[in-house]
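2 protein chains.
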Amino acid sequence: MNRKEFRDLATPDEARAAIDSLALEGGIDRVPLEDARGRVLVARLDAELDVPGFDRASLDGYALRARDTFGADEADPARLEIVGAVHAGEKSDVVLEEGQAAEISTGAVMPDGADAMVPVERTDTDGGGDEVLVRTSVAPGDNVMFAGADVAAGERALGPGTTITPRDIGLLSALGIDEVPVRAKPRVGIVSTGDELVRPGDDLESERGEIYDVNSYTIAAGVEDAGGEAVLYPHAGDDQDELEGVLRTAADECDLVLSSGSTSASAVDVIYRVIEEQGELLCHGVSIKPGKPMLIGRLDDSAYVGLPGYPVSAMMVFRTFVAPAIREAAGVPAPAAATVSGTLARQERYEEGRHRLMPVGLVENGDGETLVYPVDKGSGATTSLADADGVVEVGPETDYLEAGESVMVTLFSPDVRPPTLFGVGEDDPTFSRVLDGLERPRYLSVGSRPGLRRLREGVPDVAVVAGPLGRESEAAELGGWEREWGLVVRPGNPDELEGLADLVDRDLRFVNRTSDSGLRSSLGAAVADFAEKRGTDRHEIVDAIDGFDLGLRAYESPARKVIDGDADAGLGLRETADRLALGFVPLGEQPVRVLVNPDRTAKAGVRELETALADVRDVASGERMTER
Amino acid sequence: MNRKEFRDLATPDEARAAIDSLALEGGIDRVPLEDARGRVLVARLDAELDVPGFDRASLDGYALRARDTFGADEADPARLEIVGAVHAGEKSDVVLEEGQAAEISTGAVMPDGADAMVPVERTDTDGGGDEVLVRTSVAPGDNVMFAGADVAAGERALGPGTTITPRDIGLLSALGIDEVPVRAKPRVGIVSTGDELVRPGDDLESERGEIYDVNSYTIAAGVEDAGGEAVLYPHAGDDQDELEGVLRTAADECDLVLSSGSTSASAVDVIYRVIEEQGELLCHGVSIKPGKPMLIGRLDDSAYVGLPGYPVSAMMVFRTFVAPAIREAAGVPAPAAATVSGTLARQERYEEGRHRLMPVGLVENGDGETLVYPVDKGSGATTSLADADGVVEVGPETDYLEAGESVMVTLFSPDVRPPTLFGVGEDDPTFSRVLDGLERPRYLSVGSRPGLRRLREGVPDVAVVAGPLGRESEAAELGGWEREWGLVVRPGNPDELEGLADLVDRDLRFVNRTSDSGLRSSLGAAVADFAEKRGTDRHEIVDAIDGFDLGLRAYESPARKVIDGDADAGLGLRETADRLALGFVPLGEQPVRVLVNPDRTAKAGVRELETALADVRDVASGERMTER
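Chains A and B, in that order, give the protein sequences.
Each residue of the first sequence is one higher than the one before, counting from 1 in UniProt numbering.
Each residue of the second sequence is one higher than the one before, counting from 1 in UniProt numbering.
None of these hints come from the bench; they were simulated from the model.
Heads up, some of the hints might be wrong.
The calculated lysine to any residue pairs, modelled on SDA-like cross-linking and capped at a C-alpha distance of 20 angstroms, are [as the list claims (entries may be wrong)]:
1. B:Lys292 <-> A:Lys533
2. B:Lys91 <-> A:Leu411
3. A:Lys91 <-> B:Glu351
4. B:Lys91 <-> A:Glu393
5. A:Lys91 <-> B:Asp202
6. A:Lys91 <-> A:Phe146
7. B:Lys91 <-> A:Arg208
8. B:Lys289 <-> A:Glu121
9. B:Lys292 <-> B:Glu351
10. B:Lys292 <-> B:Asp502
11. A:Lys292 <-> A:Glu253
12. A:Lys289 <-> B:Pro119
13. B:Lys91 <-> B:Ala17
14. A:Lys91 <-> B:Leu204
15. A:Lys289 <-> A:Phe146
16. A:Lys292 <-> A:Phe146
17. A:Lys292 <-> B:Leu204
18. A:Lys91 <-> B:Lys289
19. A:Lys292 <-> A:Asp269
20. A:Lys533 <-> A:Asp564
21. B:Lys289 <-> B:Asp202
22. A:Lys289 <-> A:Leu411
23. A:Lys289 <-> A:Val392
24. B:Lys292 <-> A:Glu393
25. B:Lys91 <-> A:Asp564
26. A:Lys91 <-> B:Asp516
27. A:Lys91 <-> B:Ser206
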């Protein structure tokens, strides 16, 4: 194995400077007004006409010569001859002489000779309608909007760099402008590499080690969020010629090329070689965690950034270094500072002297304070960020942060709002439906025992636990129900399983759950009972069940192994079996309990959950809640 | 004139309740993952597979049986036989026995028999490469990500109501989901009426009283901002059958129909009639200013809201009543509360007992406090909102607000940022270019005298004044330049004008500027000089100039009158004449001075302007600044 080593790691500031030195700007687009919202004006727009373009009546009433009304009042109205009418959108041929008036509607052109108007409410007409009594005096200009009063020809309308709002579209409409010059969105090519990657929607062969390509669509969404235009290139695999071709095409067509995905040495080698031949490498490796293996350089006339392969690392690097550069090039202002200060929920240690970007979740405690907890499923995790609200940056000089320390969290976006309820614990389909009805819940299915432990540590609001638990919690119960568990088998139960005895005595492949799971606890208790009844040792029974030690984390996975033909029976719920149209051999019922953090009973999200749980008994007894 | 009166005005709360009672919800869209960003999930999505789908090596190194390494360290490494290699994306046929290891790359499937892996950094290979020395002991599971560790099959992935972020797209990608069920955007039909309205881009006949249709595109942009889909219907004019047809088509095709634009009685009558025949009118008229003439009802199966015709009123009503309902229907969360508290810059009086929505601008004073000033160009103004930052709501019981009173401003959107510099005063093309180079300036061209007055009142940062001014200001000068003014005439000056004498003695039509303008002041001074030279009275000269009293507000308007053939000469700048390819007869040079509010000299935006003004002398002497 011969791999490039990351020597001479750049500091985060050096990496930022390297990206800033690359020109990402696109050119100029001319877009129709209806597509201009949110785009950034590239040049000043001046008014080329007066708005309004004529002296305009502000109300319905009568156009007249102001001096004809001088001295008029309720008692002694001025009597004027009506010589015509002008409506909005009509050309007026009326010319007023002394003592004359013209009926006029709001927005109509003031007729020649008129210098003011009086609203209809201050007038009366005689029966005949050829005279109007004006019961007020008006001054020249009253109730008239003069040409150019709104916008004057030659006036500066919008400056370069303006991000066009609906209000600006109003101004541009008034000026008759139906096309505006805006900054072209920087085109960002996304090249994903790695033989193991499959595009979402295609079939996955797990036994070949295939995984879905997370980075392409995620980074594309990030690019669009930052004001760029994402261009996804066909997935290149690890074939060197193919990868080189894709990189060069992307560099030719885009302002910035982002590669990501491959962890293979050969892909890295191709990228290094292509950049060395056709461009320049400004930075390889940054002293940051996650994100060390970041490349920054030029490729032909395009900028190039190589993102780490792991999705969480790739997104963190993208957010921290690349998104600001795209926003800058797009002319999109940096989002309003969206930071929240909170209290770190547990101690964090840092081994390496690298700048650290720590994804965190937020939860409000009983006192309305924000607790901050790290979200980390390990370096290969693809999905941690969906459970996080923001990032805490920790400098390289910091070895640890104490629990209770105050930290500043940069939210992923200004509109991130922390969950109203934070729960952890057992996977349970009934609880999942309950969550659907809540305002903004977050639930991490870590299993019953870890859930209970976390509840004791004081971070989540509630924990959901199932089955018998060795150590009872002091936490109060918010609600609970029973669920039926047993063996999930092939449709129609062709092997005619009846219970545990079949697993012990017959040659059947079983799939278990991990010991985190409440189902596994109930199975353990059932096995102990069974052993006692047979008058034998529990270990003997366990050894006799093929697959008892193979525990899967996911509550549906044993059932899915049965579907795939990899097992004859799996530990699971009747509801899972029903939903996947599989057979089911009941072994018992187990309680599911929702336990609440004693400090949080008054929290709004907890009370919302408590109300929702009051309806649950029906659900557990077989009725399905309708999805909202 | 027989007009519907607005009796029984609804309160703002009643209007809100009426809109809430209308169902605006669209149905369900299924969108591809790449279009899912920002959309709102309509149903829960559960994981249908484990992520990863297999036990996966977390690093490059060797897969092995953990117990073979027990006790190994630097001094006494474990020696294992290499029996194969597994790469990412490859199916492995390797099966490890005791004492064996397999080369493995990051992301590859753990081979059968292996229960842990050791990173390559902790190993050595002998020259031959068929043995590996492992210099550390590992526990079962070390450096392995187990199937389902990231996401477990059956796990709740995203709940209904989730607004999809790039991070959620990462989670969906990992699950292989390439299409998601989201709330359809509510379809909002926009019907603009009024014979006087012309769509931007089309030709305008001002003499017919035509104006550009501001509401259609502006409201459409507002609809899209709120998460709806805007559908613009062809402009209906005031023809009753045509309007009725358009309204019914829109009601048939949309979840909500918004009409706006017409101020004509006949259009209002049609709308009343159609709604009475085909729907229900819940509310006609709301006790709010601006916005009184708002209609709320149903039209066939669609909701209907009639917006006021005046663009500012229409937008304010849309923002206050309609946008929240569209957001609710779209499932888009209300934007984070974006409010700013500030100090009212001047007293405001309110005559009527109506709830008032007052558009305001913001400016930071010298102490870093926010001053709030009303932005109001009069009820017919179309463009005031482009100069405003937010809204102050004033209850019907409030008669006036004192200057200096603290008010709460709701920003138009959370990303509104007040201008870095607020200037008022003379229109000037040089200054306009200077503004282009500044960060985020706002400039209201109100003319020299009003600008100076406002500067004295203490609201703007700077005022730009031109020409001679009766009353000198105490304000310090930040910069200045000279500009050449005179008569703008037809190209090539076919009438051979040489100066003021031609306007006085010959039969030429002249167009003047209003007395707000510094140009008009200089012309006034020149007329006085000319009268003195002729030994006559100033008034006689003025009377002899055809059009002297006709002042236009806009600095380009006189020149444009010359282009249109409506005048032989207009008051203007050489620069305007040059840019519009017209002839020019110089009458003099006048100073343009930028005066600064004494409290604001240290403000960042003022210093930025000061720096930019240092370069202006070159510009004024004929060089053009390049646009940024």
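Of all the hints numbered above, which does this structure not satisfy? Sort the numbers upward.
Result: hints 1, 2, 3, 4, 10, 11, 13, 15, 16, 17, 18, 20, 21, 24 and 26 break, sorted rising.
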